[in-house]
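Q: The lines below spell out each chain.
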Amino acid sequence: MREIILDIKGLTTQFQTKRGVVTAVDGIDLTLDRGETLGIVGESGCGKSVTALSILGLLPKPAGKIAAGQIFFDGRDLVTLREAEIRHIRGNDISMIFQEPMTSLNPVYTVGFQVQEAIRKHRHMNKRESRAEAIKMLGLVGIPEPEARIDDYPHQMSGGMRQRVMIAMALSCHPQIMIADEPTTALDVTIQAQILDLIGRLKEEIGMSVMLITHDLGVVAEISQRVMVMYAGKVVESADVKELFANPAHPYTVSLFKSLPKIGGRDGALKAIPGVVPSLLNLPKGCAFHERCFKTQSRCQQAPPWREITPSHMVRCWEPVEQ
Amino acid sequence: MKVSQPILACEQLTKHYSLKTAGFSRRSGVVRAVEDVSLTVLSGEVFGLVGESGCGKSTLGRVLLRLEDPTAGKVFFAGQNLAAFGPSQLKKFRREAQIIYQDPYSALNPRQKIGRLIEEPLSIHRVGTRQERRDRVHWLLDVVGLQPDHAQRYPHEFSGGQRQRIVIARALALNPKLILADEPVSALDVSIQAQVLNLLEELRAEFGLTYIFISHDLSVVEHIADRVAVMYLGRLVEVGPKKEFYNQPSHPYSQALLSAAPIPDPTAERNRVILTGDVPSPVNPPSGCSFHPRCPERRDICFTKAPTLRQLTPERWVSCHMR
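From first to last, the protein sequence lines stand for chains A and B. Each residue of the first sequence is one higher than the one before, starting from 4 at the first, in the working numbering. Each residue of the second sequence is one higher than the one before, starting from 24 at the first, in the working numbering.
Chain A extracted, bound-state conformation (with noise of 0.2 Å):
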């Protein structure tokens, strides 16, 4: 059974800069079921880690701001939610983690005070209990001693030890959602292994929801149910992970796909994607992608509709890829 655990509608984030506002994200339609992992994909500034700030209320202020739309979580709309009832949100419903371990932890603390004060704040507990709670955290997201580590300062510990720290502050008061940006794009690859099996296994443990952003497909495959592509604020395309790898239908998608060198892949000469990611400030008119996509036509310059290709593989284009 399916149960919508987080239900985002028309979420259009902008920023007030100097040369003008811009629109980061604009109106994106989102669910995130029980239990689920999302993947949210693309590249650099196409709005996907906005997202995720605009839903936990961690917005840059004032800058940023929620221009329109709803973000429904447990009946209540979190955009219209004051800055202490979200705050009661952030952490002990939904938690996040963020892709550099090495800014995210405070250094002047140790890491044990760091996971117990989440704790405290959102589970009420003394001091005794909060640090065996802590401790039983980071036995569990796999620190050897914990018992030991739980004294360690920040800079006592290597890249991925400190990134099972976010994971355990993270964990620490059992979210319903955790959001996920990069968690692994700073670590080497045998320790992003081990990351993401630890991620896929709390998420079956605790029964949480995932929503993973990235801009590594291998990722996305490793983890996730369902897959969003961005591009330049916008969800270009949506599907099952396995649908979508095996018939991706959006000309952005399809060139991603193609421009990725593969481990046993083909020889020969990548098929880059011509161009640059347009600026936010300068956006092309209608499909943002036209100017740089291969199946390119007068019509793109008009905004493409979202249609569907099967009911759960939904697209935003006029001359979809077809398999």
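Some clues are possibly wrong.
What the hints assert, rightly or not - Now the stretches of chain B that chain A is said to cover, found in silico as 3 or more residues with beta-carbon under 8 Å:
1) 212-218
2) 275-284
To be verified - Under 7 Å between C-beta atoms, here's a sample of chain A residues computed to sit facing chain B:
3) 93
4) 163
5) 201
6) 246
To be clear, the hints were calculated from the coordinates, so they are not data collected in a lab. What you are looking at is a predicted structure, and each value in this text was computed from that prediction instead of being measured. Here a beta-carbon is modelled for each residue, glycine too, at the ideal position from N, C-alpha and C.
Got chain A sorted already, so can you dock chain B onto it with the hints?
A: The following block gives chain B in isolation, referenced to the frame of chain A:
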């Protein structure tokens, strides 16, 4: 690939850095960044050097180009000992070996125009008249796929991929024979990465270049390299032709590294070797084989005796007691 001459070789190259007591730091000891590395790079090939962060691959590259002096061992360029080069020979070597770094944002002086930046190596080496140099800059911009009028612009006006093209143009200015590319596409978006990889391949074919290609991304290395060398904690653990290496990696670390790389295909079968633990510190490498604490195949001998690189087949070398 035809049989060709070695262009760069090293014998038992070692680079140590001493940790000095400074400020509040009470650490002392020696960082063993590169340990007893011998290798040969053939003229016209792409020599891929892979490994995780901190394994010494960048340091090895810098020592090979004599940007740092080795602690022990020798480097030979076209058969001549690099350490014995006098100032004029070294200056000639600097023309023939160039380097491309990972981050095109910090590699370009933000206050100089592109034309000046590309012309700088020509001016330093007093090549041609002013007009000839200017013509060469325009020609170089054309070669890397930019416009001649871009010479009048500043680095901030370009995207990451375009900046990497500028860096490549500058590296090509003096007609080098050898280019050390240290993670040249790691900072770029997927769609741009393919453009730069294709450019590097075209340039190699056109100008008969030799690349030492350093990367942590195994799929990129498989795409571009002819031979692959794997480093772990400052040592080479395996060297071999690309096809054989990717089809049948021999060293347990190579096997784990390859199996850890995420596969962009949700239906692919995964036989993942998940390594436990982290890369040990090069200040305090483990006894015996430095990989033994994480190795799934370790035996008693691995704890006490460090293996040396042995020849498996005429072209394949591996450093493991179990092979």
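Q: Now, for every hint given, state plainly whether the structure supports it.
A: How the hints compare with the structure:
| no. | hint | result |
| --- | --- | --- |
| 1 | 212-218 | holds (count 7) |
| 2 | 275-284 | holds (count 6) |
| 3 | 93 | violated, 29 Å |
| 4 | 163 | holds, 6 Å |
| 5 | 201 | violated, 10 Å |
| 6 | 246 | violated, 9 Å |
Comparing the model with each numbered hint stated earlier shows that hints 3, 5, 6 do not hold.
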